[in-house]
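2 protein chains.
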Amino acid sequence: MKIVIIGAVAAGPKAACRLRRLLPDAQITLIDQDDLISYGGCGIPYYVSGDVQDDKELRSTSFHMVRDEYFFKEAKGLEVKTLTRAIKIDRKEKRVITEHVNTGEKGELSYDKLVIATGSRPNILPIKGVDLDGVFTISSLHKAIAIKDKISKGEVSKAVVIGGGAIGLEMAESLTDLWGLDTTVIEFMPQILPNIVPAYMARMLEIHMKDNGVKIFTGEGASEIVGEGGRVNKVLTPKRELEADLVIMAAGVRPRGELARDAGLQCSPYGAICVNQRMQTSDPDIYAAGDCVETLNLVTGKRAFAPLGSLANRQGRVAADNIAGIPSRFLGVVGSFVMKAFDVAIGSTGITADIARKEGFNAVEAVASQADRAHFFPGQAIMFMNLVVDKDTKRVLGLQGFGKMGDGVLARINSLCGLIGKGLYADEVGTLELAYAPPFSNAMDILNTAGNVADNLVSDRLHMVDIDEFDRWMNDETPHNNWIALDLRHPKEASPWVEKYPSKWLAMPYDEVRRRYKELPQDKTFILICNAGTRSYEIERLLASKGFKELYVLPGGLNVIKRLQPIWYIE
Amino acid sequence: MKIVIIGAVAAGPKAACRLRRLLPDAQITLIDQDDLISYGGCGIPYYVSGDVQDDKELRSTSFHMVRDEYFFKEAKGLEVKTLTRAIKIDRKEKRVITEHVNTGEKGELSYDKLVIATGSRPNILPIKGVDLDGVFTISSLHKAIAIKDKISKGEVSKAVVIGGGAIGLEMAESLTDLWGLDTTVIEFMPQILPNIVPAYMARMLEIHMKDNGVKIFTGEGASEIVGEGGRVNKVLTPKRELEADLVIMAAGVRPRGELARDAGLQCSPYGAICVNQRMQTSDPDIYAAGDCVETLNLVTGKRAFAPLGSLANRQGRVAADNIAGIPSRFLGVVGSFVMKAFDVAIGSTGITADIARKEGFNAVEAVASQADRAHFFPGQAIMFMNLVVDKDTKRVLGLQGFGKMGDGVLARINSLCGLIGKGLYADEVGTLELAYAPPFSNAMDILNTAGNVADNLVSDRLHMVDIDEFDRWMNDETPHNNWIALDLRHPKEASPWVEKYPSKWLAMPYDEVRRRYKELPQDKTFILICNAGTRSYEIERLLASKGFKELYVLPGGLNVIKRLQPIWYIE
Numbered sequence: 005m006k007i008v009i010i011g012a013v014a015a016g017p018k019a020a021c022r023l024r025r026l027l028p029d030a031q032i033t034l035i036d037q038d039d040l041i042s043y044g045g046c047g048i049p050y051y052v053s054g055d056v057q058d059d060k061e062l063r064s065t066s067f068h069m070v071r072d073e074y075f076f077k078e079a080k081g082l083e084v085k086t087l088t089r090a091i092k093i094d095r096k097e098k099r100v101i102t103e104h105v106n107t108g109e110k111g112e113l114s115y116d117k118l119v120i121a122t123g124s125r126p127n128i129l130p131i132k133g134v135d136l137d138g139v140f141t142i143s144s145l146h147k148a149i150a151i152k153d154k155i156s157k158g159e160v161s162k163a164v165v166i167g168g169g170a171i172g173l174e175m176a177e178s179l180t181d182l183w184g185l186d187t188t189v190i191e192f193m194p195q196i197l198p199n200i201v202p203a204y205m206a207r208m209l210e211i212h213m214k215d216n217g218v219k220i221f222t223g224e225g226a227s228e229i230v231g232e233g234g235r236v237n238k239v240l241t242p243k244r245e246l247e248a249d250l251v252i253m254a255a256g257v258r259p260r261g262e263l264a265r266d267a268g269l270q271c272s273p274y275g276a277i278c279v280n281q282r283m284q285t286s287d288p289d290i291y292a293a294g295d296c297v298e299t300l301n302l303v304t305g306k307r308a309f310a311p312l313g314s315l316a317n318r319q320g321r322v323a324a325d326n327i328a329g330i331p332s333r334f335l336g337v338v339g340s341f342v343m344k345a346f347d348v349a350i351g352s353t354g355i356t357a358d359i360a361r362k363e364g365f366n367a368v369e370a371v372a373s374q375a376d377r378a379h380f381f382p383g384q385a386i387m388f389m390n391l392v393v394d395k396d397t398k399r400v401l402g403l404q405g406f407g408k409m410g411d412g413v414l415a416r417i418n419s420l421c422g423l424i425g426k427g428l429y430a431d432e433v434g435t436l437e438l439a440y441a442p443p444f445s446n447a448m449d450i451l452n453t454a455g456n457v458a459d460n461l462v463s464d465r466l467h468m469v470d471i472d473e474f475d476r477w478m479n480d481e482t483p484h485n486n487w488i489a490l491d492l493r494h495p496k497e498a499s500p501w502v503e504k505y506p507s508k509w510l511a512m513p514y515d516e517v518r519r520r521y522k523e524l525p526q527d528k529t530f531i532l533i534c535n536a537g538t539r540s541y542e543i544e545r546l547l548a549s550k551g552f553k554e555l556y557v558l559p560g561g562l563n564v565i566k567r568l569q570p571i572w573y574i575e
Numbered sequence: 005m006k007i008v009i010i011g012a013v014a015a016g017p018k019a020a021c022r023l024r025r026l027l028p029d030a031q032i033t034l035i036d037q038d039d040l041i042s043y044g045g046c047g048i049p050y051y052v053s054g055d056v057q058d059d060k061e062l063r064s065t066s067f068h069m070v071r072d073e074y075f076f077k078e079a080k081g082l083e084v085k086t087l088t089r090a091i092k093i094d095r096k097e098k099r100v101i102t103e104h105v106n107t108g109e110k111g112e113l114s115y116d117k118l119v120i121a122t123g124s125r126p127n128i129l130p131i132k133g134v135d136l137d138g139v140f141t142i143s144s145l146h147k148a149i150a151i152k153d154k155i156s157k158g159e160v161s162k163a164v165v166i167g168g169g170a171i172g173l174e175m176a177e178s179l180t181d182l183w184g185l186d187t188t189v190i191e192f193m194p195q196i197l198p199n200i201v202p203a204y205m206a207r208m209l210e211i212h213m214k215d216n217g218v219k220i221f222t223g224e225g226a227s228e229i230v231g232e233g234g235r236v237n238k239v240l241t242p243k244r245e246l247e248a249d250l251v252i253m254a255a256g257v258r259p260r261g262e263l264a265r266d267a268g269l270q271c272s273p274y275g276a277i278c279v280n281q282r283m284q285t286s287d288p289d290i291y292a293a294g295d296c297v298e299t300l301n302l303v304t305g306k307r308a309f310a311p312l313g314s315l316a317n318r319q320g321r322v323a324a325d326n327i328a329g330i331p332s333r334f335l336g337v338v339g340s341f342v343m344k345a346f347d348v349a350i351g352s353t354g355i356t357a358d359i360a361r362k363e364g365f366n367a368v369e370a371v372a373s374q375a376d377r378a379h380f381f382p383g384q385a386i387m388f389m390n391l392v393v394d395k396d397t398k399r400v401l402g403l404q405g406f407g408k409m410g411d412g413v414l415a416r417i418n419s420l421c422g423l424i425g426k427g428l429y430a431d432e433v434g435t436l437e438l439a440y441a442p443p444f445s446n447a448m449d450i451l452n453t454a455g456n457v458a459d460n461l462v463s464d465r466l467h468m469v470d471i472d473e474f475d476r477w478m479n480d481e482t483p484h485n486n487w488i489a490l491d492l493r494h495p496k497e498a499s500p501w502v503e504k505y506p507s508k509w510l511a512m513p514y515d516e517v518r519r520r521y522k523e524l525p526q527d528k529t530f531i532l533i534c535n536a537g538t539r540s541y542e543i544e545r546l547l548a549s550k551g552f553k554e555l556y557v558l559p560g561g562l563n564v565i566k567r568l569q570p571i572w573y574i575e
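Read top to bottom, the protein sequences are chains A and B.
Taken in order, the first sequence gives residues 5 to 575; the numbers are from my numbering.
Taken in order, the second sequence gives residues 5 to 575; the numbers are from my numbering.
Here chain A stands alone, though its shape is the one from the complex (with noise of 0.2 Å):
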C-alpha cells in the first residue's frame, strides 16, 4: 500500500508512525514544504524565552535523537521529503503532484491512501506595516528562531504584542521575563483570553502580567504599524502610539485547507477540511487531520475549529488507525486549555457563560474560591473555579479556573474534560469523586464546592449579584439605592468597610446573625459579603427563612474582588 501525508509537524508524524508500526511493508512517504519539521510548535515561547535553549529540543523525541529526515527514514523507515510543496492533489489519478520550494522543480507521488496534515497558518492583520521588517508571526519554527537570533543580538528593547489569546501572552511573558523587554500587549477585544475565560478571570490575570512588567490594553486594536527604513519602530491604536523594535501578531490561525478544497474535498465555510469521526474526509481515500480540519464541539453539538497540538497528535493516531483497518474514532472535544503566566495557572475545559448563553443555554456561573489544598498546609492558596451549568438541564457545559503557578489548576480542569464530553450534570460534581489527602487538596475540594454552588444556583437557593454590577455601585455609577452591602466577616475586616462606605455597609458577624437577624432593615436588597461565599451562602438561606426577600451573594466573596483590584478595595 502506498501512503502520502502531506504535512510534516504533529498530525502527520504521528500518523506516518502509527501506520508504519500498523502496516510495516506500506510504502510511507511524508512530504513538507518546510525543512524543519516535526517540532513541539507550542514550545515556542519557551524556546524564545531561553528556557529551551536550542530549537534541537523542540524537534528532539524524549531520548535525544533529533527528528530529521535522516531519523524518520532511519529509524522509522519513512521516507520524507522535505521543502516539497503539494500544489495539487489529483484524485482521479489518485497522485499528489508537488514542487521544490527552492528549485521549483515538479513531481509526483501516487497515494492509495493520502492524509491531508496540512495545519494552519496565522491571521494576518488587513493593516499597513504588516511586511515591515521586525514583523514575526509565529508560524514556524524559523520565525522563533528569527525572533530569538534578533533579540540575542541586542536588537530588541521595545516589543508590542498583537493579540491577547494564549500564544500572544505566553510569548509576552518570555519578553518580559527572561529578556526584560519592555513588552505591551494590545487586545482588540474588551478582556485578554476573549471567548476563553471570564472575564473576572482574566482580569485576575492581566492584573498579575502588569505586577510582573508586562503593559496590557485591551479593548484596543492595532490600527497601523509604523516603520522607519523598511523597520518597524511603532504600532498605532486608535487611543495611542506604542514605541517598538519588535511586533508578534499574534492574531490566531486560520486552517489551512485550499490544497483540500481545489481538490473538491468538502470544507467548512472558513477553509477547514470536514471529516467524519474516522478522521476520513469526503474521499474516502483521503483522510485528514491536525489544524487543517474542522471537529466537532461536544457541548454545542456545532462543528468547530480547534487547532491544538495535542488534538492533533490524537488525530493523526486515528487516522493512521483507520487506514490499516482499525475502527478508532475521534469524537470530538470540549475545548480544554492550560496556561502559565509567571507565578499563576489559568485554565479551561468546555465553554464560557458568555458564549453559552449566545449558543442559547440559560447559563449561569458558580463561583468558587478556595484554597488549593487543606486550608491548615503550609503554602495552600486560595484557587478560583468557575463553573458553568445550563440552569434548565443542569447540564455541566464548562469549567475555567485559576491559581497559583504548579499543576494545582490542571488537576481540577483535568478532571471534568473527559465528563463534560460524556454529559455531566451539576449534582454529579458536588459528589464527584477524587483523590484526596492534605497535601493536595480538600476533603471537599474546590471542584466539589463549586458543584455544589452550581446545584444551589440552578436551584433557587443561592443568588449571586453580577460583580459588574457590584463594582458599578460601589462606583457610584448605578445607584441601586436600595442596595446595602451587610458584611459578615470578622469586625476586625469589616469595621474600615463600614467606616469608609456609611451609605453602604453594614456589617454583622457571620455567627451573630441568627441572633441579631431583627436588627437588619427588613426593606432592603442585601449583598451579601464574605471572604469566599460561603458564609453569604449560609446567611441568605438563614435570612431567607426569616422573611428577607432581596439578598445576593457576591460570588467567591472578597477573595475575587481583592484581585480585580477595583479602586474602592480596601486593603
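Hints are supplied without guarantee of correctness; some may be wrong.
Because identical chains share one entry, a pair is satisfied inside a single copy or across any pair of copies.
Claimed, not checked - Under the rule of at most 30 Å between Cα atoms (straight-line distance), these lysine-lysine pairs were calculated in the DSSO-like manner:
id, residue 1, residue 2
1, Lys60, Lys162
2, Lys85, Lys522
3, Lys219, Lys566
4, Lys110, Lys77
5, Lys395, Lys426
6, Lys426, Lys398
7, Lys77, Lys553
8, Lys6, Lys522
9, Lys162, Lys219
10, Lys6, Lys553
11, Lys522, Lys77
12, Lys238, Lys157
13, Lys306, Lys426
Source of the hints: derived by calculation from the structure; they are not laboratory data.
Every value quoted in this text rests on a predicted model; they were computed, and no experiment measured them.
Following the hints, position chain B against chain A.
Coordinates of chain B only, in the frame set by chain A:
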C-alpha cells in the same frame, strides 16, 4: 421536624449544616461521645509532624473559627451535645437513648429522622502488649495530641509504625522528617500500600522513603509488643526485635456499626451499615453516612468499605438532601487515593491488576514512563502511570501513578476518577482530551500514552515481560536459556551492560535495527530494552513483521528498573 445526628466528626456535621440550610425550622441535634468534634482527621499526620502547629487548625473553618459547640450553636443554629454517647436506638418510639461519658447520666432524644455517622475505629492487633503506655492508634484528635505531646517533651527517640498503608506511611514521614526520630515501618503484606498500587510502584516508594531515613520491613507483621514498667520498649516480628519508645498501630479501621446492628438495621457481615443510594438504611427514617457505612464499588460491582473523609462529606450531604426531600444520590466509589511521601507523590483510582484478577477480570497492566511535562521543559521529571484494563472487554479498571511531589500525579489520577465509574475503555484514554501546555504536560500526555499502550496490549500488538520474572532472570534465579535482552539505546548507554552481561545482553541501536535486523539470532526470545518502553514497542512491531516470534517489551523500560534498584542495575 426533629433530626438527631449521631457522630460529629465529618459526615455528621456536614449533614447537619446542609440540613440547617435546607430546613431552617427543623430542630437539629448533633451528639458525639468526644469533646473534640468536627475536625480534619486526615490532617493528623501533618499536625503530629508540626506542619500544622495547633490542633485548633484542624478544627477551624477556612475563616478561622473553631468548630466547637459555641460555633455550631451560634453560627449554625445546631444543638451539639459532646461527651454524649448514643447507647441505644429505639426505633419503635423513634428515640435515641444517650449516656454522658463522664457522669453516666442517661438521657433521650426523640427524632423524626435520624442520621448515624458513628465512623470507624482502628483495628487493634490480636497480639500482646497493645495496651502498653506508648502504643497508640490514630483514632481521635486526643491521641494525636498525646503523641505530639510525648514527642515534643523529648520522650521518644525510636518509633515503630505497624502498618504500611497510607496513614502508617504518612505518620512515618512526619516522625522522621520533622522530628528526626529513628522510625521503622513494618507491613505484614509483601509490599507497602498493599491492594492500592502495584508491587513495583510500592517498591519505588519504599526506596524513596528509605533514602529519606525511614526503615521499612515488608512481609513482616508485629508478633508482640514488649514493655518494661508498663511502657513500650520493643516490637517483635518473626524476624527481628525493634526498639521503640513509641508505637503507632495503623492497621486499618473497621466500621462502628454496633449501634445500628443492635437496633436491627441491616448491616454487612463485617458490621458496616447497609444503605441505598439515598444513604437510607433499612429503616426509611434512619440514614447513615461516613466510615460506618458500606458503599458500592463501581468497578467490581460489589459492596465495599471505603472509609475516607472525602466520601464522608459527600455522603453526609446526600443524606441531608434526602431528609429535606431532595432526591440526591451517592452512587458509589471507584476508590481514589493520593499521598505525599517526602519528595514524591503516589496515587491510585479504581482497582489494581492483582485485585482485578481476584475479581475475575482478565486484567493487563499498561505501564507508561514519561516526562511529567514537555520533555524539553526545565524541571521535568519522569512520571509513571499504570493503567489496568480488562483484556476481554477493554474496560479500564484502574490507574496508579508515581511521580515527583506536586500536583502532577493528582492531575492524572483525577482525570479518570469520574470516568472509570461511568465506564471507560482503553481506546478512550488514548484520545482523552486533557488541557495541554508545555509547562504542564505533553501534547500526548502520559495518560494518553498509557491508554495507547493499553490499547496495543489488549489488541496483542504489544507484549510485555513480567518485571519480577525479568528480575529473577537477571539474578540467575530462573534460567530462561532462550532469553536475550536486546538493548536499543544509544551505544554509550548500552555498552556497559553488554560488557557486564555478555550472555544476556545484546545491543543494537534503535535507529539501526531496520537496517541490521538480519544480524539478530532468529531463535531467541527477545526482551526489548530502552528507557521508557516506546522504542521497544516500535522494534517489537518491526521485528514481528520480519518473522521474529518471541518478543517482549520491558514495561516502562529502564526508567522503572532504575527506581527499583536491583543489584544488577548499572548506573
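A quick look at each hint next to the structure:
1. Taking identical chains as interchangeable, the C-alpha atoms of Lys60 and Lys162 lie at most 30 Å apart only when both belong to the same chain, with a minimum of 27 Å there against 52 Å between chains.
2. In the homo-oligomer, the alpha carbons of Lys85 and Lys522 lie at most 30 Å apart only across protomers (27 Å), although the nearest pairing inside one protomer, at 81 Å, exceeds that limit.
3. Proximity of Lys219 and Lys566 under a CA criterion of 30 Å is satisfied intra-copy only: 20 Å inside one chain copy versus 47 Å between copies.
4. With identical chains, the CA atoms of Lys110 and Lys77 are at most 30 Å apart within one copy only, with a shortest distance of 22 Å there and 85 Å across copies.
5. Taking the shortest alpha-carbon separations for Lys395 and Lys426, both the intra-copy value of 18 Å and the inter-copy value of 23 Å come in at or below 30 Å.
6. When the C-alpha separation of Lys426 and Lys398 is checked against a cutoff of 30 Å, the pair qualifies both within a copy, at 14 Å, and between copies, at 18 Å.
7. In the homo-oligomer, the alpha carbons of Lys77 and Lys553 lie at most 30 Å apart only across protomers (25 Å), although the nearest pairing inside one protomer, at 74 Å, exceeds that limit.
8. Only between protomers do Lys6 and Lys522 lie at most 30 Å apart by alpha-carbon distance; the minimum there is 25 Å, versus 83 Å within a single protomer.
9. Only within a single protomer do Lys162 and Lys219 lie at most 30 Å apart by alpha-carbon distance; the minimum there is 11 Å, versus 57 Å between protomers.
10. Taking the closest pair of Cα atoms, Lys6 and Lys553 come within 30 Å of each other only across two copies (26 Å); inside a single copy the shortest separation is 73 Å, beyond that limit.
11. Within a single copy, Lys522 and Lys77 get their C-alpha atoms only as close as 82 Å, which misses the 30 Å cut-off; across copies the closest is 18 Å, which meets it.
12. Taking identical chains as interchangeable, the C-alpha atoms of Lys238 and Lys157 lie at most 30 Å apart only when both belong to the same chain, with a minimum of 20 Å there against 69 Å between chains.
13. For the identical chains of this complex, Lys306 and Lys426 are neighbours both inside a copy (15 Å) and across copies (25 Å), given an alpha-carbon limit of 30 Å.
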